[in-house]
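> Residue-level listing of the chains:
There are 2 protein chains.
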Amino acid sequence: MSPTMKLNPNVIDLEYAVRGPIPQRAAEMAREGVRTIPCNIGNPQALGQKPLTFFRQVLSLVEEPDRVRRERALHALRAENPAALAGHDLVPADAIDYAAEILDKLPTGTGAYTESNGPRFVREAVARFIDARDDVATTGAPASDPDAIFLTNGASEAVRHGLDLLIGDKRDGIMIPIPQYPLYSATIHKLGGTQVDYYLSEEDDWAMTREAMETSLAGAQAKGIDVKAIVVINPGNPTGSILPDESIREVIDFAEKHSLVIMADEVYQENLYGDATFTSFARVLGNRDVTLLSFHSTSKGFYGECGKRGGYVEVRNPPKVEGSDVGFIDILLKLASVNLCSNVVGHLMTYLMVNRPKEGDESHALFTSERDAIIEALETKANRIREAFAQMDGMECYGRTGAMYLFPRIGKLPAGTGDFDYCMALLEKTGLCTVNGSGFGQVDGTHHLRIAFLPPTDLLEEVLPRWIEFHNRYVNG
Amino acid sequence: MSPTMKLNPNVIDLEYAVRGPIPQRAAEMAREGVRTIPCNIGNPQALGQKPLTFFRQVLSLVEEPDRVRRERALHALRAENPAALAGHDLVPADAIDYAAEILDKLPTGTGAYTESNGPRFVREAVARFIDARDDVATTGAPASDPDAIFLTNGASEAVRHGLDLLIGDKRDGIMIPIPQYPLYSATIHKLGGTQVDYYLSEEDDWAMTREAMETSLAGAQAKGIDVKAIVVINPGNPTGSILPDESIREVIDFAEKHSLVIMADEVYQENLYGDATFTSFARVLGNRDVTLLSFHSTSKGFYGECGKRGGYVEVRNPPKVEGSDVGFIDILLKLASVNLCSNVVGHLMTYLMVNRPKEGDESHALFTSERDAIIEALETKANRIREAFAQMDGMECYGRTGAMYLFPRIGKLPAGTGDFDYCMALLEKTGLCTVNGSGFGQVDGTHHLRIAFLPPTDLLEEVLPRWIEFHNRYVNG
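The listed protein sequences derive, respectively, from chains A and B. The first sequence lines up with residues 6 to 482 when you count with the working numbering. The second sequence lines up with residues 6 to 482 when you count with the working numbering.
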């Protein structure tokens, strides 16, 4: 018999619903041969979304550098003798040039550890991307600093680094929206800090209000909590809502007044549909001196390259560190250095995300059409699910469509049951794996679920009628 | 002015010498255009080591799945008309088949999140690798369990997960060898636990002794520390020493007697030279019921794929968890799930590491010759550096050659200086970046440095005479 051992209590009772009991039951069903539809998580390629051709062509070349030479030789062969390779697709010349350029900037390719914060040429490209996105040339806002950018294994690791710096013990509080993505609650709990909830206004399309923020902060301070930061997820996860510029300004005012760090989770900044536009916290911040950590990822957007685990955090206005001569950025660098560096393919995927084929490039047309098709399909699927909700008794879905999720309120449930029971029953009956609202936090007494609107259209058309049928039977049962 | 902020004290004073002030100075020199030789870290491809051709061919194909079809078409074209592609190298058919098999087992390729512990087919392959390595078919030891294997972003993350489970607060102690790899000291410190040192016997080729372990444990217990685990690094880092089977048995006896978890860092298990052989902790453990976490990585060995951040931990005999119905493995899985999964290219690199071209395969001969050339070159370079030590006044290097490092004792230094000063001066004078012994821990009053024996031979031949000259001048200066 192995001995009994006392483990870290903050790890034992960790909760992480997007990979919790419902997805675990789905995995069990899948092993038993039942078809399940994994909508518990924003994992587009697991539901058949194709990667962008150009991205993969470049990454494939970088992985085997000798191919740059060989693919160029095939182009030369075709140029010499057009019939020689008739019917064979060659890798486009611009993808080959792009890969050669990466290997020129990073001669060790994917094989060596890089700097702890990632290769500088990638951080420079990220900075240029941010500056272009936020129009710094015209707004006069400060340019992004490549040395304040840290490339990480997905945005998750970046968030963990940020929280790791801010949380010393349980008196340190972090404000998070309710509902929230459970990476925040789980990481705060694991690090032994205190989660300070502020509530979004569902009926007002999940808006943030100054009043909710002030109430939350005052409540925490009354309990002796030293609130360090406020987390904002925009576009929202799980809500899909998109913050208006005034709300962003309100958060900045609030953070400035109370000396809080803003942690802006902006990983869904390219998951916009219809006429929606994205405004970054950095853009609204401009020249104001409030500490901002903003997070981005290669896992979302139209690319959905989740397996690459690419991501970054950009720091603006790092705070002075109490009792230390070492700066915030240097401490973050030291923390990152303990694991040497994040994965290099993730770095390069990040580079591609911020440095795409340009107009006039050979690959531009295909890239653009693939991108547009993905975004259009996502919007169509979200709309189809919303239409289904309209046929479900008591189901209401607030907020416009953003990110990859819908988060409807289940207004009617059998007495004594909650959204966990509903989602588990939905899984058992239809194979559809969603996550119950309680996994994200919600106003007491309300019930929700989060669904990622990712399944292929035919699968969706097949499962939606079964969901409607299940729903109306279950809630009235 | 940004406000002053109190940060996590355990992060502020983190120390991590392999990326500390000396490597930082090297980076500064490199930016100023000075040639530096990064021997501070085991990063073979940064010093010109080539990746194994087969590994990269497969990874390149998996990255762009359509190439499986295209490369087969090129083979067909050549078969039809041998002159059509004269002079062009095609990807070997076995690499194409291998990639196709991976894509068959993991249809989402590198694009989707996988299970939190990594794709099952990779964990199964790791289990088979462990069983073959340890001859379980003949020894009767228990087979490795794929569900007790966790794929991680390098072994670093696996070590962090293990320590995260074991360390609740500063009364929780972890025994680590001195000298040690600073991942351990830094992570224990960051998690707020207590580092409990046990000393290796330098003159006895860095052997572990039962007495040193017992003394260390008793000392910690006398201070009220609850010692949870003992870390063993074999082959040693920074020492390069290789543990005899008796020492491994001694550690197991010790851990059993005191109910400790063994954390066996076995990432250098394929960095063996001459007639050295590797025995795993799992093999010596056999059927004994002691908790073992063993770590492995794609970053070391002859492959040196550091940028991939592939690694794993295998758990044997997980302990019962005090006060919890949830098992150790399930808690580890929950912890891993908060970051969704580690990077998929790292998973696949791990798969390749444990599942290589077999005798009879088309790629076997090239693979074997590349492997042998790398291992031979490493041994030759280690020997050349040892020869140089013999010409350095007071320099003594104990232990046989293992891992990627030599850790000589600097027996003579100018009064009032230490190994940090020596290594910094060596860097300034020769461009050679090493790490001072104090970064790993050492007996008080002794001085060492760690050098990774990785530079290309011509560079080494150029720098060694300059090092000898520097040394004899510096220590007698």
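Please note that the accuracy of each hint is not assured.
Identical copies go unnamed one by one, so any copy, or any two together, can satisfy a pair.
Derived lysine-lysine pairs resembling BS3-like cross-links, with alpha carbons at most 25 Å apart [stated by the list, open to error]:
1. Lys325 to Lys363
2. Lys325 to Lys175
3. Lys434 to Lys11
4. Lys11 to Lys262
5. Lys11 to Lys110
6. Lys11 to Lys417
7. Lys325 to Lys262
8. Lys434 to Lys228
9. Lys55 to Lys175
10. Lys110 to Lys55
11. Lys11 to Lys325
12. Lys434 to Lys417
13. Lys434 to Lys325
14. Lys110 to Lys363
15. Lys55 to Lys417
16. Lys228 to Lys55
17. Lys175 to Lys11
18. Lys11 to Lys228
19. Lys434 to Lys110
20. Lys262 to Lys175
21. Lys175 to Lys417
22. Lys11 to Lys363
23. Lys325 to Lys55
24. Lys55 to Lys363
25. Lys110 to Lys228
Simulated from the structure, these hints should not be mistaken for lab results.
> Please go over all the hints and tell whether each is borne out by the structure.
Now for the hints, and whether the structure bears them out:
With identical chains, the CA atoms of Lys325 and Lys363 are never at most 25 Å apart, being 40 Å at best within one copy and 57 Å at best between copies. For the homomeric pair Lys325 and Lys175, the shortest alpha-carbon distance inside one copy (22 Å) is at most 25 Å, but the shortest distance between copies (27 Å) is not. For the identical chains of this complex, Lys434 and Lys11 are neighbours neither inside a copy (40 Å) nor across copies (51 Å), given an alpha-carbon limit of 25 Å. Taking CA atoms no more than 25 Å apart as the test, Lys11 paired with Lys262 passes between copies only; the shortest distance there is 17 Å, against 43 Å inside one copy.
In this assembly of identical chains, the alpha carbons of Lys11 and Lys110 never lie at most 25 Å apart, being 49 Å within a copy and 38 Å across copies at closest. Taking identical chains as interchangeable, the C-alpha atoms of Lys11 and Lys417 are never at most 25 Å apart, the minima being 43 Å within one chain and 46 Å between chains. When the C-alpha separation of Lys325 and Lys262 is checked against a cutoff of 25 Å, the pair qualifies only within one copy, where the shortest distance is 17 Å, while the shortest distance between copies is 49 Å. Taking identical chains as interchangeable, the C-alpha atoms of Lys434 and Lys228 are never at most 25 Å apart, the minima being 45 Å within one chain and 57 Å between chains.
Proximity of Lys55 and Lys175 under a CA criterion of 25 Å is satisfied in neither setting, with 44 Å inside one chain copy and 48 Å between copies. Taking the shortest Cα distances, Lys110 and Lys55 sit within 25 Å of each other only across copies (17 Å), while inside one copy they are farther apart (28 Å). Taking CA atoms no more than 25 Å apart as the test, Lys11 paired with Lys325 passes between copies only; the shortest distance there is 9 Å, against 38 Å inside one copy. For the homomeric pair Lys434 and Lys417, the shortest alpha-carbon distance inside one copy (18 Å) is at most 25 Å, but the shortest distance between copies (76 Å) is not.
For the homomeric pair Lys434 and Lys325, neither the shortest alpha-carbon distance inside one copy (55 Å) nor that between copies (35 Å) is at most 25 Å. Taking the shortest Cα distances, Lys110 and Lys363 sit within 25 Å of each other inside one copy (20 Å), while across copies they are farther apart (35 Å). Proximity of Lys55 to Lys417 under the C-alpha cut-off of 25 Å is found in neither arrangement, the shortest distances being 37 Å within a copy and 63 Å between copies. Taking the closest pair of Cα atoms, Lys228 and Lys55 never come within 25 Å of each other, the shortest separation being 50 Å inside a single copy and 58 Å across copies.
In this assembly of identical chains, the alpha carbons of Lys175 and Lys11 lie at most 25 Å apart whether taken from the same copy (20 Å) or from different copies (14 Å). Taking CA atoms no more than 25 Å apart as the test, Lys11 paired with Lys228 passes between copies only; the shortest distance there is 19 Å, against 29 Å inside one copy. Proximity of Lys434 and Lys110 under a CA criterion of 25 Å is satisfied in neither setting, with 53 Å inside one chain copy and 27 Å between copies. In the homo-oligomer, the alpha carbons of Lys262 and Lys175 lie at most 25 Å apart inside one protomer (23 Å), although the nearest pairing across protomers, at 35 Å, exceeds that limit.
Proximity of Lys175 to Lys417 under the C-alpha cut-off of 25 Å is found in neither arrangement, the shortest distances being 38 Å within a copy and 48 Å between copies. When the C-alpha separation of Lys11 and Lys363 is checked against a cutoff of 25 Å, the pair qualifies neither within a copy, at 56 Å, nor between copies, at 44 Å. In this assembly of identical chains, the alpha carbons of Lys325 and Lys55 never lie at most 25 Å apart, being 45 Å within a copy and 43 Å across copies at closest. For the homomeric pair Lys55 and Lys363, the shortest alpha-carbon distance inside one copy (21 Å) is at most 25 Å, but the shortest distance between copies (33 Å) is not.
In this assembly of identical chains, the alpha carbons of Lys110 and Lys228 never lie at most 25 Å apart, being 52 Å within a copy and 53 Å across copies at closest.
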